[in-house]
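**Q** Listed below are the residues making up each chain.
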Amino acid sequence: SQQGEEDPQALSIQEGENATMNCSYKTSINNLQWYRQNSGRGLVHLILIRSNEREKHSGRLRVTLDTSKKSSSLLITASRAADTASYFCATARLRDDKIIFGKGTRLHILP
Amino acid sequence: NAGVTQTPKFQVLKTGQSMTLQCAQDMNHEYMSWYRQDPGMGLRLIHYSVGAGITDQGEVPNGYNVSRSTTEDFPLRLLSAAPSQTSVYFCASSEDRGDYNEQFFGPGTRLTVL
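So the sequences go chain by chain: R and X.
Quick note on numbering: the first sequence equals residues 1 to 111 in our numbering.
Quick note on numbering: the second sequence equals residues 1 to 114 in our numbering.
To be clear, the hints were calculated from the coordinates, so they are not data collected in a lab.
One thing to keep in mind: the hints can contain errors.
[Said to hold, decoys possible] Per label pair, the in silico range of CB-to-CB distance:
hint, chain 1, residue 1, chain 2, residue 2, range
1, X, Gly16, R, Leu75, 46 to 54 Å
2, R, Thr77, X, Lys14, 33 to 41 Å
3, X, Ser67, R, Val44, 41 to 49 Å
[Stated by the list, open to error] Derived SDA-like pairs: lysine to any residue, alpha-carbon spacing no greater than 25 Å straight-line:
hint, chain 1, residue 1, chain 2, residue 2
4, R, Lys103, X, Ser69
5, R, Lys98, X, Thr5
6, R, Lys98, X, Asn62
7, R, Lys70, X, Arg68
8, R, Lys98, X, Thr70
9, R, Lys69, R, Lys98
10, X, Lys9, X, Pro83
11, R, Lys98, X, Val12
12, X, Lys14, X, Arg77
13, R, Lys26, X, Arg77
14, R, Lys26, X, Gly40
15, R, Lys26, X, Ala24
16, R, Lys103, X, Pro83
17, R, Lys26, X, Ser69
18, R, Lys26, R, Arg93
19, R, Lys103, X, Leu111
20, R, Lys70, X, Asp96
21, R, Lys26, X, Asp56
22, R, Lys26, X, Gln57
23, R, Lys26, X, Arg44
24, R, Lys56, R, Pro111
25, R, Lys103, X, Pro39
26, R, Lys98, X, Ala24
27, X, Lys14, X, Thr70
28, R, Lys103, X, Val113
29, R, Lys70, R, Asn30
30, R, Lys98, X, Lys14
31, R, Lys98, X, Asp26
32, R, Lys69, R, Pro111
33, R, Lys103, X, Glu59
34, R, Lys98, X, Ser84
35, R, Lys98, X, Pro61
36, X, Lys14, X, Gly53
37, R, Lys26, R, Arg80
38, R, Lys98, X, Ser69
Just so it is clear, CB atoms sit at the ideal spot from N, CA and C, and this is done for glycine as well.
Modelling step: build the complete structure from the supplied sequences, incorporating the hints.
**A** Below you can see the structure in the form of structure tokens.
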């Protein structure tokens, strides 16, 4: 079974609005990562948050991690058309170093 | 640096045929992995390796073999292709530095099994 589960599965917002995606996972982790995938392309790493961190920023991205709830959120502020993509969370499991992906959130930015 | 390269980009096989998907990286990364991506399923881990000579199974290893004879190369072998293996396959690599392992992905191989 997959370690991470993103929520929602799909999200459509107006350009300029903020987009929030959530990820829940099942077992203890070393870190949690977020990736973006544009249609038909490979995955691009966005941000990594370690298990002992609670919040991290990178440009318009803000990631939070709550290890007690086994959940993370990705916030994209001031969305742009170019942010239209699928977003995946990936967890590096503590017990065996496996990096497991969720099913992703499809984000569509409306002009 | 070329990063992570995969060949071929596209492949069509008949049921029962075997083939090898190639993956190479030039970043001296210890950790390499293979994923398959199917619609609505995200990426599922097939096999991974934490260094040359060491491989382990992921979430969906059946029907696939891997080996890691060098740090650079991590080929994925389909032993007897089945239509259920129609998918897009991604290879990835990362440094194995404990709790820091951003993955770099190849462009993918789109495989169709008839």
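**Q** Work down the list of hints and note, for each, if the structure agrees.
**A** Structure-based check of all given hints:
Hint check: glycine 16(X) to leucine 75(R), Cβ distance near 48 Å, so the stated range 46 to 54 Å holds. Taken as a hint, the range 33 to 41 Å is violated for the pair threonine 77(R) and lysine 14(X), whose Cβ atoms sit roughly 50 Å apart. In this structure the supplied range 41 to 49 Å is violated for serine 67(X) paired with valine 44(R), their Cβ-Cβ distance being about 28 Å. As the CA atoms of lysine 103(R) and serine 69(X) are separated by approximately 32 Å, the hinted pair breaks the 25 Å bound.
Distance restraint check for lysine 98(R) and threonine 5(X): the Cα-Cα separation of roughly 21 Å lies within the 25 Å cut-off, and the hinted pair is therefore satisfied. Taking the CA atoms of lysine 98(R) and asparagine 62(X), the gap is about 17 Å. The hint holds against a cut of 25 Å. For the hint linking lysine 70(R) to arginine 68(X), the alpha-carbon distance of about 33 Å lies beyond 25 Å, and the restraint is violated. A threshold of 25 Å between alpha carbons decides the hint, and for lysine 98(R) with threonine 70(X) the separation of about 20 Å falls inside it, so the pair holds.
For the given pair, lysine 69(R) sits about 20 Å from lysine 98(R) by alpha-carbon distance, which is consistent with the 25 Å threshold. In summary, the hint linking lysine 9(X) to proline 83(X) is supported, as the alpha carbons are separated by about 18 Å, within the 25 Å threshold. For a cut-off of 25 Å, the pair hint linking lysine 98(R) to valine 12(X) is broken: about 30 Å separates their Cα positions. Annotation: proposed proximity of lysine 14(X) to arginine 77(X) holds, straight-line Cα distance about 15 Å (limit 25 Å).
At roughly 30 Å between alpha-carbon atoms, lysine 26(R) and arginine 77(X) are farther apart than 25 Å, so this suggested pair is violated. Our distance criterion of 25 Å between C-alpha atoms is met by lysine 26(R) and glycine 40(X), whose separation comes to about 20 Å. Restraint check for lysine 26(R) and alanine 24(X): the C-alpha separation of about 32 Å exceeds 25 Å, so the hint is violated. Among the hinted pairs, lysine 103(R) with proline 83(X) is consistent with the structure: their alpha-carbon atoms are about 22 Å apart, no more than 25 Å.
At roughly 33 Å between alpha-carbon atoms, lysine 26(R) and serine 69(X) are farther apart than 25 Å, so this suggested pair is violated. With a C-alpha separation of about 9 Å, the suggested pair lysine 26(R) and arginine 93(R) falls inside the 25 Å cut-off, and the hint holds. The suggested pairing of lysine 103(R) with leucine 111(X) holds, with an alpha-carbon distance near 20 Å, which does not exceed 25 Å. Distance restraint check for lysine 70(R) and aspartate 96(X): the Cα-Cα separation of roughly 23 Å lies within the 25 Å cut-off, and the hinted pair is therefore satisfied.
Distance restraint check for lysine 26(R) and aspartate 56(X): the Cα-Cα separation of roughly 21 Å lies within the 25 Å cut-off, and the hinted pair is therefore satisfied. At roughly 19 Å between alpha-carbon atoms, lysine 26(R) and glutamine 57(X) fall within 25 Å of each other, so this suggested pair holds. With a C-alpha separation of about 16 Å, the suggested pair lysine 26(R) and arginine 44(X) falls inside the 25 Å cut-off, and the hint holds. For the proposed pair lysine 56(R) and proline 111(R), the alpha carbon gap of about 28 Å is over 25 Å, so the pair is violated.
Distance hint between lysine 103(R) and proline 39(X) is fulfilled; the C-alpha atoms sit about 9 Å from each other, no more than 25 Å. With a C-alpha separation of about 20 Å, the suggested pairing of lysine 98(R) with alanine 24(X) holds against the 25 Å cut-off. A C-alpha spacing of about 30 Å is found between lysine 14(X) and threonine 70(X), which places the hinted pair above 25 Å, so the restraint is violated. Under the criterion of a C-alpha separation no larger than 25 Å, the hint pairing lysine 103(R) with valine 113(X) is consistent with the structure, at around 23 Å.
Distance hint between lysine 70(R) and asparagine 30(R) is fulfilled; the C-alpha atoms sit about 12 Å from each other, no more than 25 Å. At most 25 Å may separate the alpha-carbon atoms for a hinted pair to count; lysine 98(R) and lysine 14(X) exceed this at roughly 32 Å. Taking the CA atoms of lysine 98(R) and aspartate 26(X), the gap is near 22 Å; set against the 25 Å cutoff, the hint holds. Between the alpha carbons of lysine 69(R) and proline 111(R) the distance comes to roughly 35 Å, so the proposed pair goes past 25 Å and is violated.
Distance hint between lysine 103(R) and glutamate 59(X) is fulfilled; the C-alpha atoms sit about 14 Å from each other, no more than 25 Å. The straight-line distance between the Cα atoms of lysine 98(R) and serine 84(X) is roughly 23 Å, inside the 25 Å bound, and the hint therefore holds. For the hint linking lysine 98(R) to proline 61(X), the alpha-carbon distance of about 13 Å falls within 25 Å, and the restraint holds. The suggested pairing of lysine 14(X) with glycine 53(X) is violated, with an alpha-carbon distance near 31 Å, which exceeds 25 Å.
With a CA separation close to 32 Å, the supplied pair lysine 26(R) and arginine 80(R) exceeds the 25 Å bound. Taking the CA atoms of lysine 98(R) and serine 69(X), the gap is about 20 Å. The hint holds against a cut of 25 Å.
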